[in-house]
Amino acid sequence: MAALAFTPHIQRPPIPPLSTPTKAPKSRTKTRVSLQPSPTFSDPFVLQLAETLEDSLPSSSSPPLPLQKLRDTSSEALLSTPWPSRKDEPFRFTDTSFIRHSQIHPIPHPPHSSSLSGVSSNTQFPNLVVADGYVVNSVNLSELPNGVFVGSMLELSEVSILKRVSEFVSNSDCGDLFWSINGIGAPDLTVVYVPAGCKVENPVCLRYISVEGCDEGSNELPVSNPRVLVLVERGGEIGIIEEFLGKDGQSRYWANSVLEVMVGEGGKVRHSYIQRQSLNAAHIKWTSVTQEAASTYELVEVSSGGKLSRHNVHIQQLGPETVTDLSSLHLSVSDQTQDLHSRLVMDHPRGYSRQLHKCIVAHSQGQAVFDGNIKVNRYAQQTDAGQLTRSLLLEPRATVNIKPNLQIIADDVKCSHGAAISDLEESQLFYFLARGINLETARKALLFSFGAEVVERLPNPIRKEVESHIRELLDPTLKGSS
Amino acid sequence: MGKNGSGKSTLAKNLRKERERLLGRGMKERRDVTDVTSRLRIRTEMVLVGHPDYEVTGGSVVFKGENLVEMEPEERSLAGLFMSFQSPVAIPGVNNIDFLNMAYNARRRKLGLPELGPIEFYAYIFPKLELVNMKADFLNRNVNEGFSGGERKRNEILQLAVLGADLAILDEIDSGLDVDALRDVAAAVNGLLTPKNSVLMITHYARLLNIIKPTYIHVM
Numbered sequence: 001m002a003a004l005a006f007t008p009h010i011q012r013p014p015i016p017p018l019s020t021p022t023k024a025p026k027s028r029t030k031t032r033v034s035l036q037p038s039p040t041f042s043d044p045f046v047l048q049l050a051e052t053l054e055d056s057l058p059s060s061s062s063p064p065l066p067l068q069k070l071r072d073t074s075s076e077a078l079l080s081t082p083w084p085s086r087k088d089e090p091f092r093f094t095d096t097s098f099i100r101h102s103q104i105h106p107i108p109h110p111p112h113s114s115s116l117s118g119v120s121s122n123t124q125f126p127n128l129v130v131a132d133g134y135v136v137n138s139v140n141l142s143e144l145p146n147g148v149f150v151g152s153m154l155e156l157s158e159v160s161i162l163k164r165v166s167e168f169v170s171n172s173d174c175g176d177l178f179w180s181i182n183g184i185g186a187p188d189l190t191v192v193y194v195p196a197g198c199k200v201e202n203p204v205c206l207r208y209i210s211v212e213g214c215d216e217g218s219n220e221l222p223v224s225n226p227r228v229l230v231l232v233e234r235g236g237e238i239g240i241i242e243e244f245l246g247k248d249g250q251s252r253y254w255a256n257s258v259l260e261v262m263v264g265e266g267g268k269v270r271h272s273y274i275q276r277q278s279l280n281a282a283h284i285k286w287t288s289v290t291q292e293a294a295s296t297y298e299l300v301e302v303s304s305g306g307k308l309s310r311h312n313v314h315i316q317q318l319g320p321e322t323v324t325d326l327s328s329l330h331l332s333v334s335d336q337t338q339d340l341h342s343r344l345v346m347d348h349p350r351g352y353s354r355q356l357h358k359c360i361v362a363h364s365q366g367q368a369v370f371d372g373n374i375k376v377n378r379y380a381q382q383t384d385a386g387q388l389t390r391s392l393l394l395e396p397r398a399t400v401n402i403k404p405n406l407q408i409i410a411d412d413v414k415c416s417h418g419a420a421i422s423d424l425e426e427s428q429l430f431y432f433l434a435r436g437i438n439l440e441t442a443r444k445a446l447l448f449s450f451g452a453e454v455v456e457r458l459p460n461p462i463r464k465e466v467e468s469h470i471r472e473l474l475d476p477t478l479k480g481s482s
Numbered sequence: 001m002g003k004n005g006s007g008k009s010t011l012a013k014n015l016r017k018e019r020e021r022l023l024g025r026g027m028k029e030r031r032d033v034t035d036v037t038s039r040l041r042i043r044t045e046m047v048l049v050g051h052p053d054y055e056v057t058g059g060s061v062v063f064k065g066e067n068l069v070e071m072e073p074e075e076r077s078l079a080g081l082f083m084s085f086q087s088p089v090a091i092p093g094v095n096n097i098d099f100l101n102m103a104y105n106a107r108r109r110k111l112g113l114p115e116l117g118p119i120e121f122y123a124y125i126f127p128k129l130e131l132v133n134m135k136a137d138f139l140n141r142n143v144n145e146g147f148s149g150g151e152r153k154r155n156e157i158l159q160l161a162v163l164g165a166d167l168a169i170l171d172e173i174d175s176g177l178d179v180d181a182l183r184d185v186a187a188a189v190n191g192l193l194t195p196k197n198s199v200l201m202i203t204h205y206a207r208l209l210n211i212i213k214p215t216y217i218h219v220m
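Taken in order, these protein sequences are the chains called A and B. All residue numbers for the first sequence refer to full-length UniProt numbering, where the first residue is 1 and numbers rise by one. All residue numbers for the second sequence refer to full-length UniProt numbering, where the first residue is 1 and numbers rise by one.
Rather than coming from a laboratory, the hints here were simulated on the basis of the structure. A portion of the hints provided could be inaccurate.
What the hints assert, rightly or not - Derived BS3-like pairs: lysine-lysine, alpha-carbon spacing no greater than 30 Å straight-line:
id : chain 1 : residue 1 : chain 2 : residue 2
1  : A       : LYS268    : A       : LYS444
2  : B       : LYS64     : A       : LYS464
3  : B       : LYS135    : A       : LYS444
Stated by the list, open to error - Some, not all, of what chain A presents toward chain B, calculated at C-beta under 8 Å:
id : residue
4  : GLN428
5  : ARG435
6  : GLU440
7  : THR441
Said to hold, decoys possible - In silico negatives: residues of chain A with every beta carbon more than 10 Å from chain B:
id : residue
8  : SER114
9  : ASN438
10 : SER449
Think of the CB as a built atom: it goes at the ideal place given N, C-alpha and C, for glycine as much as any other residue.
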């Protein structure tokens with residue numbers, strides 16, 4: 001490792017001066033002669049963005065050690081990570097120019113409490129509200145069992161929990177540019193800690209609200225970087241519901257969020273993720289999960305908002321006999337891109353996994369992308385992995401790019417994958433017609449039932465809301481079709 | 001009714017040519033039916049009910065004074081024609097009671113009557129379940145999903161009982177049923193017959209006729 005000292009300032013190799021808007025350029029440390037080759041390509045746009053994000057962080061108080069470590073690792077990574085282009089495989093079908101060509105600026109302060117007045121909280125269950133990346137409100141947290149902690153790391157005083165958090169923050173070997181941007185720009189880390197053997201009955205709701213936003217016509221793009229770490233010790237169980245929404249359904253903003261989950265041995269995490277961002281917003285989310293032996297991780301995702309929405313899922317198996325169940329429903333009812341890139345890495349025997357991905361593209365400029373990768377490595381014998389993706393294309397020129405892929409090295413496994421892209425099934429439509437139900441009602445029923453397979457897996461408090469939201473989204477579409 | 005090869009094919013010969021022309025685009029026959037004549041006969045029903053695979057190039061089918069050939073499938077059903085499918089398709093995601101509710105309300109709308117909400121509809125449908133000897137949990141299952149052959153046939157009869165029809169065409173309603181299911185289905189059909197409606201049953205076997213006493217038998 002080269003002897004580069006890490007300082008809060010990014011160490012940059014000499015490059016032509018950038019036109020930073022207001023501040024004078026920082027004093028640069030001299031480039032040291034290093035024993036390893038310097039990064040061959042540093043993207044000036046990325047570096048400028050990193051610098052802007054760093055500057056926006058409160059420089060007065062010294063951040064807790066895990067956060068500092070996270071920021072340092074992320075800055076190092078950003079030195080050699082260019083902005084993704086269509087030539088990079090992970091972004092082959094996803095056009096990020098919407099973000100790239102905007103004037104990105106960070107949100108240095110949490111929104112004023114008055115601007116949050118219209119936002120209702122679900123008062124039934126333990127609730128945490130994160131606005132523009134900052135933890136602003138919490139309800140019913142005292143009802144949680146003893147030892148469970150839900151809140152900002154800055155308020156975490158228990159040394160034992162802090163120690164565990166430091167071990168795990170940004171330990172994963174996954175990530176891309178957006179992961180590192182979150183690492184640098186996250187003002188805070190929200191921690192959900194479940195001690196060993198503790199089963200939390202009610203699901204914990206995390207609502208991420210994007211308050212600051214710009215009008216449709218402008219080129220500005222405020223970015224928020226919420227970051228959450230969920231640590232479930234051995235035998236613990238918890239349900240997490242993440243909801244992403246914008247205060248204004250039409251404003252422009254970029255939510256770049258990261259969720260890390262560590263499930264201890266025999267633990268269980270039921271994760272529901274609902275994305276309802278504004279139709280002019282960019283939404284990039286990372287979900288990185290590590291599963292110890294005999295643990296269970298379930299993810300149910302319903303994404304219907306955002307102009308560009310991407311969900312990266314990375315699940316690493318750390319022990320045998322794990323259970324992983326992923327379901328997702330993506331809806332593109334206007335000129336939206338809904339993208340799911342998932343990777344499940346199995347290195348231990350007798351793992352069980354199922355993945356169901358469904359998407360409906362109901363607009364001629366709508367797009368859905370799916371890249372489901374499952375790596376069954378050498379020691380993952382007797383793995384049982386299944387993957388199914390089904391897409392409905394309802395308008396001419398609507399696009400779906402599907403890439404299911406299984407990379408199997410072990411030789412005693414049961415793996416399957418299937419993909420189908422179609423319009424609604426004619427034989428089913430005809431059955432409706434033959435019973436006197438007209439075509440419009442039949443299409444509506446079949447569309448809704450297509451999504452229902454995923455939506456019915458959501459836990460009770462949130463399921464009805466999501467069902468009625470989807471009905472609303474799918475209904476106006478049908479007025480246009482025959 | 002009639003034995004295999006008895007000429008039921010004659011009725012559908014022209015339609016077969018038409019179907020092969022349409023299928024010539026490379027679509028494969030999905031059902032691997034070894035009985036040629038019963039395959040052809042199935043197509044007749046498909047024409048009557050208005051399946052899009054078939055295009056009638058000539059002739060007419062007059063039902064209660066209207067030419068069925070010129071009507072859309074849903075219009076034919078609302079006019080009082082019911083056809084039970086031999087292998088009804090499964091519709092995962094739509095449950096039986098919602099499906100029946102939608103179909104029933106379509107009829108109510110046509111007659112100018114107010115539609116029934118889910119609770120009122122459940123009250124209406126509950127006695128019909130006894131008619132076909134099925135339990136109430138059956139209503140929450142998805143249409144034909146995971147149903148055995150006998151259950152699918154009974155589902156068709158349930159739909160007939162709920163929706164009502166002036167002419168019900170029951171296509172091989174007895175095939176694939178065991179003795180008990182056959183008795184249930186036959187009893188249900190008997191219970192549905194009134195002086196005001198008709199049932200056209202198509203079958204290979206005489207055993208059904210021991211329970212349902214037909215008014216006419218056409219042997220082909």
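Evaluation of the provided hints:
The suggested pairing of LYS268/A with LYS444/A is violated, with an alpha-carbon distance near 36 Å, which exceeds 30 Å. Between LYS64/B and LYS464/A, the direct Cα distance comes to roughly 45 Å. Violation of the 30 Å bound is thereby established for this hinted pair. Distance restraint check for LYS135/B and LYS444/A: the Cα-Cα separation of roughly 28 Å lies within the 30 Å cut-off, and the hinted pair is therefore satisfied. Taken as an interface hint, GLN428/A checks out: its beta carbon lies about 5 Å from the nearest beta carbon of chain B, inside 8 Å.
At about 4 Å, the closest approach between the beta carbon of ARG435/A and any beta carbon in chain B falls short of 8 Å, and the interface hint on this residue holds. A least Cβ separation of about 10 Å between GLU440/A and chain B goes past the 8 Å threshold, and the interface hint is therefore violated. Interface restraint check: THR441/A against chain B, minimum CB-CB distance 6 Å, threshold 8 Å, status holds. Look at SER114/A: its CB is around 43 Å from the nearest CB on chain B, clear of 10 Å, so calling it non-interface holds up.
The beta carbon of ASN438/A is not kept farther than 10 Å from every beta carbon of chain B, the shortest such distance being approximately 5 Å. Chain B draws SER449/A into its interface by the beta-carbon criterion, the shortest separation being 3 Å against a cut-off of 10 Å.
Hints 1, 2, 6, 9 and 10, counting from the list given before, are not met by this structure.
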